[in-house]
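Use the sequences and the hints to build the structure in full.
2 protein chains.
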Amino acid sequence: MFREEIKVLDCTIRDGGLINDYQFKDDLVKATYRAACDAAVDYFEIGKRLCESDDYPRDKYGAWNFCDDDDIKRVVNSYESETRPKLAVMFDVGRVDVSSLTAADSSDIDMVRTACYAHDVDKGLDLVKRTKDLGYETTLNIMAPSTAIETELVEGLQAVEDSPETDYLYLVDSFGAFYSEQVAHYIDLYRKHAPSKELGFHAHNNQQLAFSNTQEAIIRGVNLLDATVNGIGRGAGNCNLELLLNFLKNPKFNVEPIYEVIQDFYVPLREEIEWGFNDIYGISGALNQHPRAAMAQRADRNRRDNCLDFYRECREID
Amino acid sequence: MFREEIKVLDCTIRDGGLINDYQFKDDLVKATYRAACDAAVDYFEIGKRLCESDDYPRDKYGAWNFCDDDDIKRVVNSYESETRPKLAVMFDVGRVDVSSLTAADSSDIDMVRTACYAHDVDKGLDLVKRTKDLGYETTLNIMAPSTAIETELVEGLQAVEDSPETDYLYLVDSFGAFYSEQVAHYIDLYRKHAPSKELGFHAHNNQQLAFSNTQEAIIRGVNLLDATVNGIGRGAGNCNLELLLNFLKNPKFNVEPIYEVIQDFYVPLREEIEWGFNDIYGISGALNQHPRAAMAQRADRNRRDNCLDFYRECREID
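In order, the protein sequence lines correspond to chains A and B.
Going by the working numbering, the final residue of the first sequence carries number 332, and the count climbs one at a time with no gaps.
Going by the working numbering, the final residue of the second sequence carries number 332, and the count climbs one at a time with no gaps.
Quick caveat, the hints were computed from the structure, so don't treat them as lab data.
A hint or two may mislead.
Identical copies carry no separate label here, and so any pair may be met within one copy or between two of them.
Taking lysine to aspartate or glutamate pairs in the DMTMM-like style, the calculated list, with each CA pair at most 20 Å apart, reads [stated by the list, open to error]:
id	residue 1	residue 2
1	263	195
2	263	330
3	146	122
4	143	35
5	100	286
6	263	73
7	143	85
8	206	270
Put into structure tokens, the structure is as follows:
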């Protein structure tokens, strides 16, 4: 697939950090950034930009939950590149302080992505406006639309359409519940109610469909695609960046640096933390459920592979 | 997805046996058969029906490479079921003896699937005819069409069209190289040159696309679908039967027995043998290569996760 407009956003550190409370060592973050540079991906999301507090301290929740300017600079300055990706951070509605951001022209950050649920779209758009006012590229990522009441979702989409500050509107398969037909359905819905917006897509791999659903989004005209090195991410993880780059034919992309950082950093990391498809996440995705129950099951050594028990429990509370 | 015509073929033992030379214990084969009965899948392929010889002895290559009538009977008689699947075995061109088969009406076997490469379609069709003459349902499975010269493949498809004895023509993604667009392309090609034939589809999971490509085949009208318990199969394995049954809405199917046999038999088996997606198979699939190099790499403890090295080696011989 070659389409010049397609842009790839590497959210390895941001989504991967959900597994380990953003306790990545500096050398891994720098190596991942270097790989993103050399692979010529378009955006690199280095973490969340949340507020530190007594209840939410940095030593427990990790540097990349806060993305202080100095931390970012340490990474960005570690590698010179002519194909440096634009730098992104994520905002969560209710947990951020816009006043901590300087204007975009004096920051290493290029894009702020705001994540919210369908019922919080107006709060999200408020953040989008304030970040756009500072000069940043913006996205609004509506989480878990598969569990939103459709009238509320549609109302949110219409609000996004009326927000000139939103550069990209993201379709997010938070629970890894979509088949390709749902990807198509939601893209049609988003297009219908927010026709002027460029769309992005963020998949989860609960049913081994993150990569194929990303392809479906491409086929349906979506031009901003999230992926992570080795598919790292909460639960079953995300669309594998290396598989996506193999698929995209644009010669500007280079997959070799991704395989290099996998071999050198992510293969060892797999000994420490778990991500990727398994039976438990497959059930969670098929039943369109939040991954928290699946993650709890995986964390219990005695039950982690008891897929029949998990299937029955999930059906009971269905 | 509900379409009454869709039939599911469980090839767990036949494709899984390629990993361990068909050294499955009887209790696993019986439990898998029982699960297939209770899940109400339509066909159960219990192995290959090859010729035993001094070079190809049963103790080394396993009972389910030969599928003697007595071995089959032992499994079939182990469980009574009103939803017993039809029983299938596989023929490989050049390694079988049709005279070892009795007529279908006196056999536990219902279907014989003949596998061949594009250049051997005529040999394959000869076996198809002879098995049809004995009263069996028949399929012709053309392996590795992604590496066939298209003129030769088309000639083979036309020969299949002219073969009234062939009940199903299979599209097989032997190398796990297809994206959905290739699934669509080949289905169109198969339909163009063998328009009267009902199609089947057999996927491999090298790029995490076995399940999604099977969905694409469904969307394109294919009605006979291969899948295996837990995705077991050579290399990256196959389409996961449990994911497929979650997707199919026909109420005759029941996924619980599949999760039960996974929990009781296939979780322990995963400690002994490996199958499923990993970086090495991902590269092999993306580059449309036979999995033997990837399997050799995975068998080498010191190099099994060296995806950069493998990528470079594959590109060199590309």
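**Prompt:** When no copy is specified for residue 143 and residue 35, does a C-alpha distance of 20 Å or less occur within a copy, between copies, both, or neither?
**Reply:** Neither: 28 Å inside a chain and 62 Å across chains, both beyond 20 Å.
**Prompt:** Given identical chains, is residue 206 near residue 270, meaning Cα to Cα at most 20 Å, within a copy, between copies, both, or neither?
**Reply:** neither (39 Å within a copy, 39 Å between copies)
**Asked** Between residue 263 and residue 330, at a C-alpha cutoff of 20 Å, which is it: within one copy, between copies, both, or neither?
**Response** between (45 Å within a copy, 19 Å between copies)
**Request:** Classify it for me, residue 100 with residue 286: is the Cα-Cα distance of at most 20 Å met within a copy, between copies, both or neither?
**Result:** So residue 100 and residue 286 fail the 20 Å test inside a copy (29 Å) and across (45 Å) alike.
**Request:** First find the shortest C-alpha distance between residue 146 and residue 122 inside one copy, then the shortest across copies, and answer within, between, both or neither for a cut-off of 20 Å.
**Result:** within (15 Å within a copy, 70 Å between copies)
**Message:** Cα distance capped at 20 Å. Does residue 143 pair with residue 85 within a copy, between copies, both, or neither?
**Reply:** Result: close neither inside a copy nor across copies, 25 Å intra and 70 Å inter.
**Message:** At most 20 Å between alpha carbons: which applies to residue 263 and residue 73, within, between, both or neither?
**Reply:** neither (42 Å within a copy, 48 Å between copies)
**Prompt:** Is it within, between, both or neither when you check residue 263 against residue 195 at 20 Å Cα-Cα?
**Reply:** between (25 Å within a copy, 14 Å between copies)
The structure fails hints 4, 5, 6, 7 and 8 (numbered hints given earlier, in ascending order).
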